[in-house]
Structure formats: structure tokens, C-alpha cells
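Just so you know, the sequences run in chain order A and B. Each residue of the first sequence is one higher than the one before, starting from 1 at the first, in full-length UniProt numbering. Each residue of the second sequence is one higher than the one before, starting from 1 at the first, in full-length UniProt numbering.
Calculated from the structure, these hints are not laboratory results. Some hints here could point you the wrong way.
[Unchecked claim] Between beta-carbon pairs, the in silico distance windows are:
hint : chain 1 : residue 1 : chain 2 : residue 2 : range
1    : A       : F43       : B       : E515      : 39 to 49 Å
2    : B       : P477      : A       : V54       : 27 to 37 Å
3    : B       : E495      : A       : D83       : 27 to 37 Å
4    : B       : P477      : A       : R65       : 28 to 38 Å
5    : A       : L37       : B       : S548      : 16 to 26 Å
6    : A       : L37       : B       : N575      : 30 to 40 Å
7    : B       : S548      : A       : S88       : 35 to 45 Å
8    : A       : S88       : B       : K85       : 22 to 32 Å
9    : A       : L37       : B       : P113      : 51 to 61 Å
10   : A       : A31       : B       : T360      : 51 to 61 Å
11   : A       : V54       : B       : E403      : 15 to 25 Å
12   : B       : T360      : A       : S35       : 49 to 59 Å
13   : B       : E398      : A       : V54       : 16 to 26 Å
14   : A       : R65       : B       : S336      : 42 to 52 Å
Backbone N, C-alpha and C fix where the C-beta goes; we use that ideal spot for every residue, glycine too.
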Amino acid sequence: MAGSRGRGRSQFTFSVDALGFGRGDSLPTSAQTPSPLFPPMQFRPVPLHAGEEVDYMLALKQELRASSKNLPFHIKAARTKTDVARYSDKYQNGEPKNNCIEWSPDWSRMPKELCIKVRKPRKTVIGAKPQLTRKPKVAAGKEEVLQKLETLEKREEEQHSEEEEDEEKKKQNDEEEEPDADEDYDEEEIEDETDYIMSYFDNGEDFGADSDDNMDEAVY
Amino acid sequence: MRSDRRSLRHVFRETVCVPNSSSAGRRSHHCGGRRSDMSSEMTAQEVRLCGLLLQEHFGDVVEKVGTHLIRSGVLTLRALAHETKLPLDLVKKSLCVLMQHGMCAFGAGRRGPAGPVEYHIICERILHMLRYPRYIYTAKSLYGDTGELIVEEILQRGQMTMSSTVKTVADRLTHNMPEGQSMDYSEVVSAFSRLVETHFLQRCPPMASAESSSSGADNTPLPAVTQPTEPEDHPECYKLPYINLTGQGKRRRSSEDGEADPRAAKKAKTDSSERGDEGIYWQVNFQRFHLHFRDQAIISAVSCKLDQTSSEIVRTMLRMSEVTTPTHAAFTQALSANEIFRALPSSYNIARPILDQYLTLLVDDPMEFVGKTGDSGGGMYVVNLHRALANLARATLESVVQERFGSRSARIFRLLLRKRHLEQKQVEDFAMVPAKEAKDMLYTLLSENLVQLQEIPKTPDYAPSRTFYLYTVNQLPTARLLLQHCYKTVGNLIERRLYETKENKRLLEKSQRIEAILASLQATGAEAAQLTEVEEMITAPERQQLESLRHHINKLDSSENQVDETIFLLESYINSTQAPR
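Please model the entire structure based on the sequences and the hints provided.
See below:
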């Protein structure tokens, strides 16, 4: 306390030998630079485990890493078009698109707001709710119309009364038939020997679909 | 002295020593005091590691979304898209991926069921990704190649139906079999059933949401989604669905790749609904695997400390109480010596009195793996699970100190663990280390935060000459600190591996291209001269560089696996000290 200050002048409040150095020793030099980023180690680390088990797990790890890059869960952002929109962009199906998902999750287990168009038209989601981001079909394909007419004709031949029911069903099952038609599409492409290459046909489905959230451009 | 007694009634003040950069992962108040299930309180190191793991497996987009969601806690879809400045569709896709893998969950938001849904990340699931190789290897060792592939498929896809798993695994196995043979579905089904029976696989909890089946308007409020429940709460968690699946795995020919696959996939989709399997998804039961790892750790510790026979006895005891012991129990069910004797594997025909001696040895061992709880039935014995974990964690801490600071520092550390509070003079005496070196070591340990200083004042003014300074080690906070170090280590290892890969990207791509060329040449039957010509396109120094790169990457990967073992041990210990939920 303040009162005892005058007494034993050379008394410190701590015992000097507990500090680790005696009187008269020079203080250790102060640090001039920050401590090194990789300080030299006093003791070398113990070598890693080795053995069959370790090697197998190492191989597993590397395989998993490599294969996870090919799974549809590995999401890559679609490349933003840098300069001019090119004619070939329409036919490059390999590029990931932002508004499609490459696998079909079970939508009943997820909140509705996450629903997004499933990419591969072949993957029919049975009992799917109408997709929120879908735009109404602009124009039906030539083949689809023909096919519908054919089936309608067949049904007309059978029974008149059932025709109306079928038409309604067809409208409801529009989503399912569409991809079915797509599948038959390719088969017909091989079978028919037309001069027209079917894959060049653009049915306008993707028209305007990309600019969903970006309202800067006017839609014609 | 009267003054001493008065002063001791003063409040203890625990001094936390000088913080340094090595403890950057700590929370501000004390060494990582957080519950592991509160995902909103993630330390910086954990967030960094989660980000790196997400990036490795799912790409940059998911990493950005995931990291932001971890940092924010809970967010709605709109808020998430707005804050990450990513297109809404990408955010939706990322959330779908995370939910598929069980890393993200959703729940009714703050505004109740009528408001927007809020999402949050389950961080420990992301950290489990580090351990995938270990899960797969365990499945292989227990259930063979079939079990291994089943677990691998389910891990990679998050959740799958039984029928699709069986088909995929059968196809993969058929692919590896010699020509003409194929894998029957029934074998895969039986392996799947065994995995479910032993609880390694479990059903995904059904969503308790009332789905509006009709296509409502776009602005229909979301169905009342309750929090996804724990899988174990459902009685049918481990019930196999009845599926009508017969057939064999198909060998996938490379020419039919494009056509056959989507058609088969389409067929598979329609088939699964016919098989009666629709909507029943299976996921890996990580907790069960962790119990298995814990048992393995205890058994190997016993075998190292004592001998093989003792470890067999402990293994038998653990096996017998597998189903009866609840998950967070501190010790197994009591087993009588008679039962243990009967249940020992037949290859170990030891006499009954020898078994009793072994059991006595196990009970007397200071590691306290086995405890005696009664005398009926020849003696009732339990395996002390929590104490075993605590001892294993303690051994880990001591080993870390020994390898980093030397055996004398380790001796001081062990001393402080046992004796709790010691003065400097006492440390020097008990550890038999000269004063100056003891001081030096203690201060080093203090600066690394492995040892804490406790002041006990004699007078109210905390005058240094009249205060006791005691050194102490607290096992739990130190374990948390080391766990954060481990997370930081794994993060560093991953970053270093990414750096190494990036540095040598050009070379790696070149070698991949040349391998592809070689493969195609060999497939078309080229001469040896052409092959050597292509091989020579990589020069000798480049080859050497590639070799050393591969060696480095293998080493880094192997280190990650090994650090993960320590992470598992420390995490198990810390979780065992927390009260069961």
C-alpha cells in the first residue's frame, strides 16, 4: 500500500528470483520483426502411418474426389455470354444452364420454392407438379403434331365417346408425352431419311427462358 | 493466519494467458465453449474447413452459398440470393444439392408457417465428408465389396431408394467381373438388408408436411413444414420395404453409353414406383459408424496397453452389449463373467479362472476401461465408455505435447494433469527438472495455451508477492483447443494440396492428355514403337516432377486422413462430456 512505500527502498513487490534472471543480467533483446511464418521446428514430426489400410483409404479418397466432379451435384455457374450471342450457342447442349437442374430430386421432400426445371427431358417425374419456371410452349414440333393426329385418328376409329376423355388426359399428361415424344423423336431421326437434321430444329422452348430474372432487356 | 483465511474467501480469478495467433479459432470468451449442435456458433476454423470441403465436392457455387448460410445462421431463399449476389436459380440448385446430402435443413420461418421457409446448415454433416473413406473402408471390412459399394453410392448421392441402389451397385460389380458373369440382385439385396439390420443404414425421416397435391396457384403458402425429425424417432426407421426386384446387373458397353443409359434410367424411374419403393429413401447412419469407430479405438487401446486376449475379451463385451446400450450411455450394460465366458469366440479357449484373472487385470488397470459393478454371476462387469474416451483423449493430448515440446515438457504436462494445481517450485521438484528449464518449458506451454495460470491472492490487493500462482491444466478446454488446431491443420493441408495442383496444372493436363492418347492407341492396337514415341513426349525431368507431385499429394491426403482420426477422438470425447440431448 502507499504507506509502506518509504520503508525498505529496494524491496519489490515480487521476488526477483522468480523472474528467471538475476540482478545485473541484461534483459533479453526486444523483438524487431514479427515471428517467422514457418519457425524452425525443434522436434521432427513422427512419420505417417503406413500399411494396406492406409493406402486403400488414400486411394478411396482420391477416387471420391475425382468422381464427385462428374456427378450432377457439382454445380458450375453457366458461362455468361461475353461478347456476341453466337449461332452455335443454341446447339451446345453440354453447357450447364442456370435455370435447369441436372438431376431429379424428390420434390415432395423439399420446399416448393426450390422447384426448378429438370434438365434431361427424358427424366419423367411421375406426378410432378407443374414446374413454376416453365413457359408455355410456343410452337409444337412438326412431329409431335403428326403423332398426336395419328393417335387421335386411331382413337376416333375405336370409339367416339372416349375421344374426348383421351384429349383431356393428353393435356394433363402433356409433360409426360412431351418427353416421350422427344424420345421417339430420336428414333425417328434415325429411321426417317429426310434432308432435315432434326437436332438443328429449335422449337423455341428456350426462347426468353434465360432472361427470367433479368428484366433489363425487353422481351420481344 | 487470519489474513490468509480472509483472503481465500475472495473470488478466484482465472487468468487467461497471453493470446497468440495459434488460438485464432477461439471464441472471445473462453476456449471454444460451444455446443456442437448449435450450427450458428461455428468457429472460424470450422467455417473455413467446411468451405474447403464444399468446394472440393460440389464446386464454387455451393461453397459460396453454404459458407454464407453457415455464417448467417438461418436465412430465407430470397435473402440468401440477395446477399450472395448469385442468380436465384443457382441458389436454388445449391440448396437442393445441400438438402439432398442432408447438410441443409429447412423449417418454418420466423413468421410462422405462412411466411417464407428458412434454411440452415448442419455443419457436422459437412465435416463428416472428411471421413467418407473411413466409412467406406469399414463397410468393406464388415460386409465385403458389395457392402462397400452400397455405402459408397449412398454417401455420394446423399440419399437413395433401395431399388436404385441395388441396381447401380449390381451394375458396378458386374462391370468389374470377368466377361459373361454378372451380379445377381438378390446378393446385393441381402447385403443391403444386413446393413440395415445392423443399423448402418437408416431411412430418411419422412417430411411431416401436408403436401397440397393439386397444382395450386403460384402464391399458395407453403405447406406447414415442420422441422425434419430425427430419423430414430420413427418406428419404421430400420424397416426394409418389400420390393419385387429380380434380375442381374447389366454390363454397360461403352458404345451403348449414350443411348442405353438414359433409357435405362427412365425405366428405372418408372420401375421404382412399381417396385413399391417410391418415396422411401435411405441414408447412412453416421452415429452407428461412430459407435463402431469408438469401439475399435477402445479395443486397439486395450490391445496396445495389455495384450491380445484382453482386447478380445473387451471386444466380446462390446459386441454383446451392442444392441442393449443406448447411444449416449456412459457404460455398457452389466455383463456377468459367465455370460462373457460363453460368448467368447471359440478360437480363444481360455479356462474360466484365467478369464477371471484377465477381468481383474482389466479392472485394476489405471486406464479404467472395464469396471466391476457387482458380484453376482461370477462378477458383473461393464465397459466404461465415457471414461475410456476421456483417457484416450488425455493420451492424445499428452502425445501432442510430447511430440511438439519434448519428453520433459510432456512430463510436466502429465504431472499437472494428475495433480491439478501446482506452484512453480513444486513443478520443478516433482518433475525432477532443473529450475531454469522448468521455467522455460512452463512459459512455452503457457504461451501455447496448453497450461493455465491460476492466481490465489492472500490479500485483497492481489499484490504479486502475496499471491499464489498455480499452474493448472484443464482437460476439456485443452481438448477443444486441440480440436480447433486439428481443423486448422486439415484446412492448411487442403489448401496446400490445391496450391500444389494449381502450380503444376499445365504439367498435369499434359500428362492426362498423353495418357488418353496412349489408352486410345492401345485400344486400337498400335505398335510398340508408336507407344514409346508418345511416351517420350513427356521428358525425363517432367516425369520426375510429376512423380514428386504425386508423392506430395499422396502425403497430404494421407495426413488429412490421419488428422481426421484425431478429430474423431477429440470430438467423441467432447460430445460425451456434454449432457445428452
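Hints versus structure:
1. Taking the beta carbon of each, F43(A) and E515(B) are about 41 Å apart, inside 39 to 49 Å as hinted.
2. In this structure the supplied range 27 to 37 Å holds for P477(B) paired with V54(A), their Cβ-Cβ distance being about 32 Å.
3. In this structure the supplied range 27 to 37 Å holds for E495(B) paired with D83(A), their Cβ-Cβ distance being about 35 Å.
4. At roughly 34 Å, the beta carbons of P477(B) and R65(A) sit within the given window of 28 to 38 Å.
5. The given range of 16 to 26 Å is respected by L37(A) and S548(B), whose C-beta atoms sit roughly 23 Å from each other.
6. In this structure, L37(A) and N575(B) meet the distance hint of 30 to 40 Å, their C-beta atoms being roughly 34 Å apart.
7. Judged by the Cβ atoms, the range 35 to 45 Å given for S548(B) and S88(A) holds: they are separated by roughly 42 Å.
8. Checked against the hint of 22 to 32 Å, the C-beta distance between S88(A) and K85(B) comes to roughly 30 Å, which is consistent with it.
9. Between L37(A) and P113(B) the Cβ separation comes to about 53 Å, which falls inside the hinted range of 51 to 61 Å.
10. Under the hint 51 to 61 Å, the C-beta atoms of A31(A) and T360(B), about 57 Å apart, fit the expected range.
11. For V54(A) and E403(B), the Cβ-Cβ distance of about 19 Å falls inside the hinted range of 15 to 25 Å, so the restraint holds.
12. Here the CB-CB span from T360(B) to S35(A) is close to 53 Å, well matched to the stated 49 to 59 Å.
13. Evaluation of the 16 to 26 Å hint for E398(B) and V54(A) yields a pass: the beta carbon distance comes to about 24 Å.
14. Distance hint for R65(A) and S336(B): a CB-CB separation of about 49 Å, consistent with the stated range 42 to 52 Å.
No hint from the list above goes unmet by this structure.
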